[in-house]
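Peer 1: Two independent chains are provided; combine them into the complex using the hints.
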Amino acid sequence: MTGLRYVYAVCRPFGTPLQAELTGVAGDPPRALAHHGLVAVVSHVPERDFAEEPLRRHLEDLDWLTETARAHQGVIDALTSVTTPLPLRLGTVFRDDSGVRMMIEAREEDFLRTLDRLEGRVEWGVKVYAESEPQESAQPAQKPASGRDYLRQRRMQTRSHEEMWQKAEAFSTRLHEELSAFAEDSRMHPPQNPALSKATGRNVLNAAYLVPRANSEEFVELVDRTKGEVPGMRIELTGPWAAYSFAGETT
Amino acid sequence: MTVVERREVALVDLLDRLLAGGVVITGDITLRIADVDLVRIDLNALISSVNAQVPSPFEELL
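Protein chains in written order, with my numbering: chain A, 1 to 251; chain B, 1 to 62.
Next comes chain B alone, as it looks inside the complex (with noise of 0.2 Å):
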């Protein structure tokens, strides 16, 4: 295996499964299951926020 598979997970790897993958489980007893839109949604606002700093990955192609 090459050195990208040995690596730790990457944490967006991971957020697609956890919040996008997994038995979702509804009903009364559950307190609460994360709204995947609602996260994504919230994160993406995060994130853009905590990279204002950083230039635009997209810059090139603008």
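Next comes chain A alone, as it looks inside the complex (with noise of 0.2 Å):
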């Protein structure tokens, strides 16, 4: 098959072969294109798909994002429990495999070097929430009998919000504070969208944490304990992932 080379991802040779059954972005199993002692892991695509401007139209396109997102990261899942692997941004494509093959020449230093910083690591995502106040949505909305008293109940819950915002933020330092000094690094990522996550209350922290895989029990264990401390704050844990946040260069 021709058409357009789309790359996972990087490794170091790996001895164990790729799920048979295994389907990458477009319905392509991956393969893996080795070239000079590094492996990179490609799937072909069709040229009316991954062109730079059909791929840029589809990416706005939450169906197609969606599905293409989850295939990448089937891949890069399945990879991760052979190896380690070094993801690469999701829509990277070349026009063949000697394009592929030049990239890892221009880049092996910058791989092995990065290779080497992941290597028996795993990423963990954490997530902390404020809810809405208990006692707010609690009591039901008293309809105010004149305007001084709307505006005093306005200037309450303006107070309450504020606190909890102050509270969010000072639990979330904390615990960020903690898990930092526990992982070997960690990333910002932006809050998330409430529209797109569909979560309830407002995302106030949303890190990613880089962990020898050999710790991860003990940084779930961590996370888990800071569950339920401060009413209010939900926390959520994702991964292990693979080293997603920790690929680009160190800062």
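Simulated DEER-style distance windows between Cβ atoms:
#1 A/ALA214 with B/GLU8: 24 to 30 Å
#2 B/GLU8 with A/LEU112: 30 to 36 Å
#3 B/GLU8 with A/ALA145: 47 to 53 Å
#4 B/GLU8 with A/MET102: 33 to 39 Å
#5 A/SER146 with B/GLU8: 47 to 53 Å
#6 B/GLU8 with A/ASN215: 24 to 30 Å
#7 B/GLU8 with A/ASP97: 29 to 35 Å
#8 A/GLU52 with B/GLU8: 28 to 34 Å
#9 B/GLU8 with A/GLN153: 37 to 43 Å
By construction, these hints were calculated from the structure, which means they are not laboratory data.
Glycine residues also receive a C-beta, built at the ideal position from the N, C-alpha and C atoms.
Peer 2: Here it is in structure tokens:
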């Protein structure tokens, strides 16, 4: 099959073959392209969907993006069970195999250095949400009897919201310090858009932590212990992920 | 682990990593690298239009 080359990850050579039933983006099984002591994991993708212009258009289509992101993640997940992959950003496409080989040659040293840094490490995601205050939702909204009443209610609401954000910020800062001290590295992602996450409460911390696989259990316990510590704060843990958030150059 | 960790990976968590993480490769041979800012902005616009009929999650705060 001709077409373009979609690259998921760069790895050191791994002995175990990928699962035969694994399909990547555009339904094409990923294959290993070995070059210069590194392996690029590649799918053949059609030009009509992955050339610059159609790809740009597709990236704005949430259904297409969802399908492609899940397929990309499926391949990275499969790689994680056999090696420590260095994941590439979604939508990294080359014209042909020789383009992929040239890229490997050009970035060889970077890749080897980053692969060493990430070897045996995984990424954990930790999010904190500030839930609406319980007393506020429990209390039925009273119809203000007067303008002054209304203003007083508004003032109280504003104050309690401010207190909640302060509390949320203090909690997140403390949690992040604690987790960063345990982890090898950390990255902050922007708070998530509630329309996309469909999560309740406001996302006040969205962080990623790089943790040696061997210490992961301890990290999870550390996060679990903070759950329920402060009322109104919800903590969500995701992972283990391939080290997506730490694949770039160190800051 | 709790139920949260076992359920399917949320799209939003995935996009945080796939559109903002991963190695970015630049150079002439690359046809296109997803432009994160562009995607984010367009995606936000798309999502707000999709959710126009759904009550705003911010209503309580107003």
